[in-house]
Amino acid sequence: MKLTVNGREHDLDAEPDTPLLYVLRDDLALNGAKFGCGLGQCGSCTVMLNGEAVFSCLTPLLLAAGKEVVTVEGLGTEQSPGPMQRAFIEEQAAQCGYCIAGMMMRAQALLKKNPNPSDAEIRSAMEPNLCRCGTHMRIMRAIKRAATLIRTADAGTVTGAAP
Amino acid sequence: MSGLRILATIVGICLIAGAVFGVFAWHPEIAPINPASPTSFAPDLVHRGAQLASIGNCDTCHTQAKGPSFAGGLRIPTPFGAIYTTNITPDAETGIGRWSEAAFSRAMREGVDRGGRHLYPAFPYDHFTHIRDEDIKALYAYFMTRQPVHATAPANELSFPVNLRFMVAGWKLLFFRKGVFQDDQQHDATWNRGAYLAEGLSHCGGCHTPRNKLGAERTKGAYDGGEAEGWTAYALNSNSPAPIPWDKDALFQYLRRGWHEAHGVARGPMAPVIENLAALPDEDISAIATYMADVAGVPTPERKQRAQALLEQSGNTGSSSQPVTADSVMATSSPGESSDGRAIYVTTCAPCHESGRPPPYGGMHLGRSTGPSGPSARNVVNVVLWGLPAAEGQRSPIMPGFINTMTDQQLESLLRYVRQRFSEKPPWEGINQEINDTRAGKFDVGIYPAPSTDPAHAVVSEGSAQR
Chain A
319 MKLTVNGREH DLDAEPDTPL LYVLRDDLAL NGAKFGCGLG QCGSCTVMLN GEAVFSCLTP
379 LLLAAGKEVV TVEGLGTEQS PGPMQRAFIE EQAAQCGYCI AGMMMRAQAL LKKNPNPSDA
439 EIRSAMEPNL CRCGTHMRIM RAIKRAATLI RTADAGTVTG AAP
Chain B
126 MSGLRILATI VGICLIAGAV FGVFAWHPEI APINPASPTS FAPDLVHRGA QLASIGNCDT
186 CHTQAKGPSF AGGLRIPTPF GAIYTTNITP DAETGIGRWS EAAFSRAMRE GVDRGGRHLY
246 PAFPYDHFTH IRDEDIKALY AYFMTRQPVH ATAPANELSF PVNLRFMVAG WKLLFFRKGV
306 FQDDQQHDAT WNRGAYLAEG LSHCGGCHTP RNKLGAERTK GAYDGGEAEG WTAYALNSNS
366 PAPIPWDKDA LFQYLRRGWH EAHGVARGPM APVIENLAAL PDEDISAIAT YMADVAGVPT
426 PERKQRAQAL LEQSGNTGSS SQPVTADSVM ATSSPGESSD GRAIYVTTCA PCHESGRPPP
486 YGGMHLGRST GPSGPSARNV VNVVLWGLPA AEGQRSPIMP GFINTMTDQQ LESLLRYVRQ
546 RFSEKPPWEG INQEINDTRA GKFDVGIYPA PSTDPAHAVV SEGSAQR
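Protein chains in written order, with the numbering used here: chain A, 319 to 481; chain B, 126 to 592.
Hints in this document: simulated from the structure, not taken from any laboratory.
Glycine residues also receive a C-beta, built at the ideal position from the N, C-alpha and C atoms.
Check each hint, because a few of them may be wrong.
List of simulated lysine-lysine pairs, BS3-like, C-alpha gap at most 27 angstroms [claimed, not checked]: (1) A:K431 x B:K567; (2) A:K385 x A:K430; (3) B:K567 x B:K191; (4) A:K431 x B:K191; (5) B:K303 x B:K345; (6) B:K303 x B:K262; (7) B:K303 x B:K338; (8) B:K550 x B:K429; (9) B:K191 x A:K462.
For each label pair, taking beta carbons as the anchor points, the in silico distance ranges come out as [what the hints assert, rightly or not]: (10) A:C451 x B:G518: 16 to 26 angstroms; (11) B:Q558 x A:C451: 26 to 36 angstroms; (12) B:V305 x A:C451: 55 to 65 angstroms; (13) A:K320 x B:Q272: 57 to 67 angstroms; (14) A:Y340 x B:P406: 45 to 55 angstroms; (15) A:C451 x B:N561: 53 to 63 angstroms; (16) B:G240 x A:C451: 58 to 68 angstroms.
Could you put the whole structure together from the sequences, leaning on the hints where they help?
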């Protein structure tokens, strides 16, 4: 099956019911998305599918084929982090960090649709993603910072730079 | 008889009929009162009224999402156009602050407002007419002691001729039977209490009884299944599509806690109904369960047998004892099943619905759920697209929505698989259209969190749960 991830097309030898998360981590070595609950209840596996945040643990490969998948690796690189990543670093929004890739992907999907969300809109959109360390307030600030970065100077890298 | 005399007779008859109808249709204004002081109502009466208003689900229609309680303005879509609910706070100008108890009683029991205008039957006075005097009094006391809110609802968007209020008088002539509930001596006090609540204030039939072309409940098809906010309200009588027949104990637990291991979690517009029922004492819930169990009737021996087999097959906790894998599902699949549907089910649904985790937080085994056996795919479509959102600040069962992961066609293949695997009924027809229309917003689907299971929130006692 063919799968496009972060702008690159891959030809995969995998069953159509393989969870997208397994394909990303095991076949493509994109380890940003995490396995948390495997039930779509924690959000640590969140990636973007055609611009929408989805749980990759519950998404069979068959539903991702032919669509654009973007993972946290698609938002920027270590040397050149994208605005969402920069904002999370600058706000020190991670404690253990396990949820953060998922948080950034859901936030990215939100800002794509709503470049200037209110606090209530951020809370509502981020509701499916959990952080057990309790850094929610920093995550909130990071998302607001990312919105500002994207709206202003770094607008060019919003949709994720090609690796 | 000459032609002229025939014509004169016809005209005469029409005039008389018109006059009779006019007398029937016309209602005088009831004089406004000076808003009563909230302290003039006995606290006990107000408390009783609060419970009754909860049973009546008054807030569900008369309150907008996140708006002030009972201030109205909620848009109610109907086949004839949209109606906006009215402000029933005691605001003197825009609410019912100048309504006497007689005016309130007439509105509840006859569907006529203080000014004498007919009310549209989206307001369920066909049920509220059964309410007894003492309960009307308590409801009046409750509403007159609410916080007044100055708010005028937008004008209704009804099409001609329904927009003419006197047409409602004709509707009443055809379908509305006024009358306070009378006990049925054939049954005991508990049954009668349940019948009084279910047929009256709870207006269960408002959703669970099908309506005719003019929007009236078909009395001959009572509890045959209807619609509410884009959801199927399943039949509750012997036509119930539930794979496991309902009985009194199951009804009690479901109405009390919002879920039952053999039936699943309350969803759609039933969720706020359950939340509202939390205000009731166990005795009243038990009475409603007694009455509705009688409506459901005794299942046939075949149905009972099938249900027993299904319960054993799906494990004691409501989920299969063996975790599902692609291989195990493969082994049970039969030729002709949609392979895409199977693959989606295995990866998207089975991790919860066959996890072996107990309900309500573990997903329901779909063989027990009424959804896959329902008359149409409507409820399953709604749940797959939007899931069960989390309740704010409370514990509740949740399910993610999958609107962003599946195309219409992929959803269709999933639904075909689910129907084939979890129901003995023939394939649904027209699923594609159903999905299309649902996504396009045709049904104004009401999305609600499942009822809270937070023990601190509900009034449920441990003793009651074990009934």
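Now the hints, each set against the structure:
1. A:K431 x B:K567: holds (23 angstroms)
2. A:K385 x A:K430: This hinted pair holds, its Cα atoms lying about 17 angstroms apart.
3. B:K567 x B:K191: holds (24 angstroms)
4. A:K431 x B:K191: holds (23 angstroms)
5. B:K303 x B:K345: holds (17 angstroms)
6. B:K303 x B:K262: holds (18 angstroms)
7. B:K303 x B:K338: holds (21 angstroms)
8. B:K550 x B:K429: holds (17 angstroms)
9. B:K191 x A:K462: Holds. K191 (chain B) to K462 (chain A) sits at ~24 angstroms (cutoff 27 angstroms).
10. A:C451 x B:G518: 16 to 26 angstroms: Cβ of C451 (chain A) to Cβ of G518 (chain B): about 20 angstroms, so the range 16 to 26 angstroms holds.
11. B:Q558 x A:C451: 26 to 36 angstroms: violated (47 angstroms)
12. B:V305 x A:C451: 55 to 65 angstroms: holds (60 angstroms)
13. A:K320 x B:Q272: 57 to 67 angstroms: holds (60 angstroms)
14. A:Y340 x B:P406: 45 to 55 angstroms: holds (51 angstroms)
15. A:C451 x B:N561: 53 to 63 angstroms: Given about 43 angstroms between the Cβ atoms, the range is violated.
16. B:G240 x A:C451: 58 to 68 angstroms: holds (60 angstroms)
When the structure is compared with the earlier hints, violations turn up for hints 11 and 15 and for no others.
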